[in-house]
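Peer 1: Take the sequences, apply the hints, and build the full model.
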Amino acid sequence: MSDENLKSNFIYDIIKEDLASGKHQSIVTRFPPEPNGYLHIGHAKAICTDFGAAIDFGGTCNLRMDDTNPSKEDTEFVDSIQEDIKWLGFNWEDRLYYASDYYEKIYEAAVELIKKDLAFVCDLTPEQMREFRGDLQNPGKDSPFKTRSIEENLDLFARMRAGEFEDGSKVLRAKIDVTSPNINMRDPVLYRILKIHHHRTGDEWCIYPMYDFAHPLEDAFEKVTHSLCSLEFEDHRPLYNWFIENVTLPAKPRQIEFARLNLTYTVMSKRKLRKLVEENFVNGWDDPRMPTLCGMRRRGYPATAIRAFIDQIGLAKRDSIVDFALLEHFVRTELNASSLRFMGVFDPIKVVIENYPENHVEMMTGINNPENENDGTRQIPFSRELYIERSDFMEDAPKKFFRLTVGSEVRLRYAYFITCTSVIKNEAGEIVELRCTYDPATKGGDSPDGRKVKGTIHWVSANHAIDCTVNQYDQLFTKENPEESGEDFIANINPDSLTVITNVKAEPAVAELAGTKPFQFERTGYFVKDSGSEGLVFNRTATLKDSWAKEVKKS
RNA sequence: AGGGGCAUAGUUCAGCUGGUAGAACACCAGAUUCUGGUUCUGGGUGUCAUGGGUUCGAAUCCUGUUGCCCCUGCCA
Numbered sequence: 002m003s004d005e006n007l008k009s010n011f012i013y014d015i016i017k018e019d020l021a022s023g024k025h026q027s028i029v030t031r032f033p034p035e036p037n038g039y040l041h042i043g044h045a046k047a048i049c050t051d052f053g054a055a056i057d058f059g060g061t062c063n064l065r066m067d068d069t070n071p072s073k074e075d076t077e078f079v080d081s082i083q084e085d086i087k088w089l090g091f092n093w094e095d096r097l098y099y100a101s102d103y104y105e106k107i108y109e110a111a112v113e114l115i116k117k118d119l120a121f122v123c124d125l126t127p128e129q130m131r132e133f134r135g136d137l138q139n140p141g142k143d144s145p146f147k148t149r150s151i152e153e154n155l156d157l158f159a160r161m162r163a164g165e166f167e168d169g170s171k172v173l174r175a176k177i178d179v180t181s182p183n184i185n186m187r188d189p190v191l192y193r194i195l196k197i198h199h200h201r202t203g204d205e206w207c208i209y210p211m212y213d214f215a216h217p218l219e220d221a222f223e224k225v226t227h228s229l230c231s232l233e234f235e236d237h238r239p240l241y242n243w244f245i246e247n248v249t250l251p252a253k254p255r256q257i258e259f260a261r262l263n264l265t266y267t268v269m270s271k272r273k274l275r276k277l278v279e280e281n282f283v284n285g286w287d288d289p290r291m292p293t294l295c296g297m298r299r300r301g302y303p304a305t306a307i308r309a310f311i312d313q314i315g316l317a318k319r320d321s322i323v324d325f326a327l328l329e330h331f332v333r334t335e336l337n338a339s340s341l342r343f344m345g346v347f348d349p350i351k352v353v354i355e356n357y358p359e360n361h362v363e364m365m366t367g368i369n370n371p372e373n374e375n376d377g378t379r380q381i382p383f384s385r386e387l388y389i390e391r392s393d394f395m396e397d398a399p400k401k402f403f404r405l406t407v408g409s410e411v412r413l414r415y416a417y418f419i420t421c422t423s424v425i426k427n428e429a430g431e432i433v434e435l436r437c438t439y440d441p442a443t444k445g446g447d448s449p450d451g452r453k454v455k456g457t458i459h460w461v462s463a464n465h466a467i468d469c470t471v472n473q474y475d476q477l478f479t480k481e482n483p484e485e486s487g488e489d490f491i492a493n494i495n496p497d498s499l500t501v502i503t504n505v506k507a508e509p510a511v512a513e514l515a516g517t518k519p520f521q522f523e524r525t526g527y528f529v530k531d532s533g534s535e536g537l538v539f540n541r542t543a544t545l546k547d548s549w550a551k552e553v554k555k556s
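All letters in the first sequence, in the order written, are residues 2 to 556 by this note's numbering.
Since the hints were derived computationally from the structure, they do not count as laboratory data. Glycine included, C-beta positions come from ideal geometry on N, C-alpha and C. Each hint should be verified, as a subset may be incorrect.
[What the hints assert, rightly or not] DEER-style ranges, computed between Cβ atoms:
1. L545 <-> N281: 26 to 36 Å
2. N242 <-> L137: 19 to 29 Å
3. R391 <-> S556: 14 to 24 Å
Peer 2: Here it is as structure tokens:
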């Protein structure tokens, strides 16, 4: 990519500079997820940033499972993570790495620090360590074990590895500065004892390195040049650099932090997402209302839309909340270009065309996708009895209502002009049927006399309609920021985030074509077949923009 | 209170070495349209957090202030 077309952000500025100055000939980045949960749209920002920078500058990006805490991790997640990244369209080729593959080297690094008198084995309990650490106002105090000899530390650390001590009884700590105003520098823990089975190394290890120690080493082993992470690690950077300086390493990576993605009407933290799943506020991690990548995939969001979205939001250091409408914009843009079109009636009223012959059926030709001729056409059966959308008829219609009212003429898409002559109601006063007449000369939807109609509405033939089920998804939360001013986000869950409609009346073509790719129910929205259901079950990906709804809201 | 960060349209971001601000989305108005969709045209809605300073000239440089975020796991 040429420089002019490159997006402008502070990280790209740094990379350009490093390349121009000759500090690096080419760049290496990495995406380092911990395999302890499902990826969400926030991770997509990191993925697009890490892989994207490598692509834009002709470098490489590694995928690295940061599996240093066996108590939380599982192979289930290493599989789903790879699936999601592939789906987004990124390729790590043969560069799939695991922190656990470096355990021996990380151990050696710890030994090197001990030998340099820069690390020691500490017997303080977690509670004691907290006391000794001090707090934001007060400096910490040295551990009484900090004075152990190098030989004793070497011996003790080897025995920690050998499994001689119980979980929590000892840790290895760096000797830095317990009085540092940066709490991360107050002799941080390097290794802890965890007699837990690891999903890859099994029972080979009972001591595991902490993130702060392992991460800079992993980056250096892989000769990562730019290690991109989120803002909360800014305070850890001095520690990151301390390890890079004090351990003998093949490279000196640079950590750069950027702001995470936040989106309106959703939550992004793992803890909160887990709560939604575990307490059944949603139906699993891939529930289409979830901001997880698997959820969005099931919802029908195209990967290309997510990438375009991430591209648009930019990269910076300030905390922000991106408008969900921007994501939807890219989803609609993508889907408008690629979706098949069908007609489906969600809330039917029966229409009888009084002057149309009984038992007669005509086939009308519909265009499958006006944005792409190659998608061809289909045949749609038309007959005397039809269904139209309840909202497409009004008895006392305002002037701007361009749909069906008594005495007005509208076009039935791809069929005829019809005029409503009367309304039939039940005892409760509800409309149960509309009687209409059609103009035979308008077949196909055009009038030979050049007469115009203000509205075009969709329809299905009552006898030919097939029933399908539609999951109508809406925002999971009622507030842009569900945890505004410390509110419990659970209290702001939208009770109407899912509406299931079991008897949507659809044209027959839906049965054969709608399962193959995303489609649009014309005038309604975009849909995909639900991957978790049998039969004709569709998830609403997004509604179409609706300027009439806006008009109604105004008055 | 200590440390680390961040403040530019409603929102997310551009704005390089100083020349009174732009994009996308959102929003408003109109045109086109056999989807009230799409497309097209027009509209900037801003004390560049704030006070002071340097300068002919400051969103850009210096400085004071305020606001917001993060940090006291043997999590990452």
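Peer 1: Next step is simple, just say for each hint if it's right about the structure.
Peer 2: Do the hints match the structure? See the list:
no. : hint                      : in the structure
1   : L545 <-> N281: 26 to 36 Å : holds (31 Å)
2   : N242 <-> L137: 19 to 29 Å : holds (22 Å)
3   : R391 <-> S556: 14 to 24 Å : holds (20 Å)
The structure fails none of the hints (numbered hints given earlier).
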